[in-house]
Amino acid sequence: MAGKTLYDKLWDSHLVRQQEDGSCLIYIDRHLLHEVTSPQAFEGLRMAGRQPWRLDTNLATPDHNVPTTKHERSVGVDGIEDRVSKIQVVTLDENCDEFGITEFKMQDERQGIVHVVGPEQGATLPGMTVVCGDSHTATHGALGALAHGIGTSEVEHVLATQCLIQKKSKNMLVRVDGKLGKGVTAKDVVLAIIGEIGTAGGTGYAIEFAGQVFQDMSMEGRMTVCNMAIEGGARVGMVAVDQTTIDYVKGRPYAPKGAQWEMAVTNWQHLHSDVDAEFDHVLVMDGSLIAPQVTWGTSPEMVLPVSANVPNPRSEKDDVKAAGIERALTYMGLEGDQPITSIKLDRVFIGSCTNSRIEDLREAAAVVKGRQVASNLIQALVVPGSGLVKQQAEAEGLHTTFIEAGLEWREPGCSMCLAMNADKLGAGEHCASTSNRNFEGRQGFGGRTHLVSPAMAAAAAIAGHFVDVRDLV
Amino acid sequence: MQAFTQLTGIVAPLDRANVDTDMIIPKQFLKSIKRSGFGPNLFDELRYLDEGQPDADNSQRPLNMDFILNHQRYAGTSILLARDNFGCGSSREHAPWALMDYGIRCVIAPSFADIFYNNCFKNGILPITLLDEQVDALFEQTFANTGFALTIDLEAGLIKGAQGGEIAFSIDAFRRHCLLHGLDDIGLTLEQASFIKRYEEKRKAQAPWLFAD
Numbered sequence: 018m019a020g021k022t023l024y025d026k027l028w029d030s031h032l033v034r035q036q037e038d039g040s041c042l043i044y045i046d047r048h049l050l051h052e053v054t055s056p057q058a059f060e061g062l063r064m065a066g067r068q069p070w071r072l073d074t075n076l077a078t079p080d081h082n083v084p085t086t087k088h089e090r091s092v093g094v095d096g097i098e099d100r101v102s103k104i105q106v107v108t109l110d111e112n113c114d115e116f117g118i119t120e121f122k123m124q125d126e127r128q129g130i131v132h133v134v135g136p137e138q139g140a141t142l143p144g145m146t147v148v149c150g151d152s153h154t155a156t157h158g159a160l161g162a163l164a165h166g167i168g169t170s171e172v173e174h175v176l177a178t179q180c181l182i183q184k185k186s187k188n189m190l191v192r193v194d195g196k197l198g199k200g201v202t203a204k205d206v207v208l209a210i211i212g213e214i215g216t217a218g219g220t221g222y223a224i225e226f227a228g229q230v231f232q233d234m235s236m237e238g239r240m241t242v243c244n245m246a247i248e249g250g251a252r253v254g255m256v257a258v259d260q261t262t263i264d265y266v267k268g269r270p271y272a273p274k275g276a277q278w279e280m281a282v283t284n285w286q287h288l289h290s291d292v293d294a295e296f297d298h299v300l301v302m303d304g305s306l307i308a309p310q311v312t313w314g315t316s317p318e319m320v321l322p323v324s325a326n327v328p329n330p331r332s333e334k335d336d337v338k339a340a341g342i343e344r345a346l347t348y349m350g351l352e353g354d355q356p357i358t359s360i361k362l363d364r365v366f367i368g369s370c371t372n373s374r375i376e377d378l379r380e381a382a383a384v385v386k387g388r389q390v391a392s393n394l395i396q397a398l399v400v401p402g403s404g405l406v407k408q409q410a411e412a413e414g415l416h417t418t419f420i421e422a423g424l425e426w427r428e429p430g431c432s433m434c435l436a437m438n439a440d441k442l443g444a445g446e447h448c449a450s451t452s453n454r455n456f457e458g459r460q461g462f463g464g465r466t467h468l469v470s471p472a473m474a475a476a477a478a479i480a481g482h483f484v485d486v487r488d489l490v
Numbered sequence: 267m268q269a270f271t272q273l274t275g276i277v278a279p280l281d282r283a284n285v286d287t288d289m290i291i292p293k294q295f296l297k298s299i300k301r302s303g304f305g306p307n308l309f310d311e312l313r314y315l316d317e318g319q320p321d322a323d324n325s326q327r328p329l330n331m332d333f334i335l336n337h338q339r340y341a342g343t344s345i346l347l348a349r350d351n352f353g354c355g356s357s358r359e360h361a362p363w364a365l366m367d368y369g370i371r372c373v374i375a376p377s378f379a380d381i382f383y384n385n386c387f388k389n390g391i392l393p394i395t396l397l398d399e400q401v402d403a404l405f406e407q408t409f410a411n412t413g414f415a416l417t418i419d420l421e422a423g424l425i426k427g428a429q430g431g432e433i434a435f436s437i438d439a440f441r442r443h444c445l446l447h448g449l450d451d452i453g454l455t456l457e458q459a460s461f462i463k464r465y466e467e468k469r470k471a472q473a474p475w476l477f478a479d
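Note that the protein sequences, when read in sequence, are chains A and B. 18 is the number of the first residue of the first sequence in my numbering; add one for each residue after it. 267 is the number of the first residue of the second sequence in my numbering; add one for each residue after it.
It should be emphasised that the hints constitute simulated quantities derived from the structure, not laboratory data. Watch out, some of these pointers could steer you wrong.
[Claimed, not checked] Keeping only pairs whose Cα atoms sit at most 30 Å apart, straight-line, the calculated DSSO-like set for lysine-lysine is:
1) A:21 / A:196
2) A:21 / B:470
3) B:463 / A:184
4) B:300 / A:184
5) A:103 / A:87
[What the hints assert, rightly or not] Distance windows between CB atoms, simulated:
6) A:114 / B:446: 32 to 42 Å
7) A:233 / B:398: 36 to 46 Å
8) A:333 / B:402: 14 to 24 Å
9) B:319 / A:20: 46 to 56 Å
Even for Gly, the Cβ is constructed at its ideal location relative to N, Cα and C.
Could you put together the complete structure from these sequences and hints?
Listed below in structure tokens is the structure:
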């Protein structure tokens, strides 16, 4: 019999019961909540007269529609100018208070984007099942956890039963060998992978990222990669546990301590795929060939190296694809065969659950240090992923570097990644964004998003158009 | 949850791949704390020419007459015909809520994104996966025949009314059962409470750090 994959192991250790029809009851160790996808779940509990099964597995923080300006944040929830956003944040506070769920409220220094906060606090650990009403929950798979996004009905289901009814996914291995070149980052790797498998290539699969590139990658880099598994169609992305993982987790507030730490580490050593494990699909790439990536269209799979030209629909043989390219170019206001470096930018956004951790900010700061944001830019935003990331960045003086270069330094939240707060693109504006989705209207009605790494976004902010960051560092 | 047994309805063709949940219901409408009322903003950015706001009077907004849901021939549609990877992106359950609120109870496509597919079943919407050529044929018939309608029979696993005969489809047994009977799966899971407690006891011994209380 073949060995087990990491996903098989995580699945098996959380299987409560398999029904005759093949559906499985899977136990959930950590449930993260935020203000957008939880109110209807709490309401459902109330209507059915149900209580949470366990309180200690739940952790909440508002992130999607919190304002990021100092003047709104300094007065707390009452300072939220958008009336509807305010109701949602207040509703989360009230629900958490009513049911007794731990919440890092907006003014708490630990508040932040839920997928930044979880690992930062040690609230998401290797070997856990982690869910959240947000598709970027795969982020936590970087720790060797089984993590995926769920809908609101499932949020209610987890609150009420601590379980989910699931069907097992297939196993996919994405192995990236070799060493990354200078100026090439985790974001470029995941964008290149999505370019390879397509936006639906991972549908029905749990992806394990393996190979030299991920072994060499920091935990934060691994989080960036796993975060975007969903953009390749996979609900689950993960990386095996190694010393990098254990060193990262050690000493975090919610991580086990003392004898339990020793026990946990012993247990976590097994969280890797067996050498004879079989995958349903294997993709192998050479990391040394990956260049800094830029998306040109309206789907994350519409991505190319910065040195490339925008595709021409006339060169595409498949009719549905050609129509897709045509539609994307029209929306993006681009011409076929236009060099990516000729795309002029109106705004730059550095932040989101993909790229708002301290390493991301250091990477961006290193590029803008001693330089000035181009005069054609309307705005360049830097939004740290959590209050603690913000503190750390300020302790290192990164905020000064950004401000001196002409970027705005904001308070933590999801911000312009999905523009539920006031941070958004105007119609027709091009944005170099370190977020995860370049869908039509995602960053604002008519807005045009180009996904890039923090270093590439920083370089674009200085140049006013896309440039190869390798020429700057 | 509303049960789904049989449905007969007009088919509306949404002829583009990778329709994401941001497109199905844009973020500004996610600020609602209710499950209903999203129908007027379904496909908001495709359906209207201006930018929608949560408290706007949608009846006063300029319509994009190129968009299928604004075509008289598809009025009252309850079956959406779509392309590959329908419902990709954000996990927002507001997407099926918006479809349901608009009156769409069934989506037919060659493939769906996982989270959206799953969310449909929690809300009495039936997503049907067919082969590319079957979907192509349905698009042709929908475009060619005004008032083209289909009957979806979940019990029998059949789509009726298409040219060339009935089309069989399959749905996972558990999901089919819940949908046919409109079952609340939280209630079903709670019937297995003793199994969950037994699992917790075993797990607590193996991994005590996962149990803070």
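Each hint tested on the structure:
no., hint, verdict
1, A:21 / A:196, "27 Å, holds"
2, A:21 / B:470, "23 Å, holds"
3, B:463 / A:184, "21 Å, holds"
4, B:300 / A:184, "29 Å, holds"
5, A:103 / A:87, "16 Å, holds"
6, A:114 / B:446: 32 to 42 Å, "39 Å, holds"
7, A:233 / B:398: 36 to 46 Å, "40 Å, holds"
8, A:333 / B:402: 14 to 24 Å, "18 Å, holds"
9, B:319 / A:20: 46 to 56 Å, "55 Å, holds"
When each numbered hint is compared with the structure, no violation occurs for any of them.
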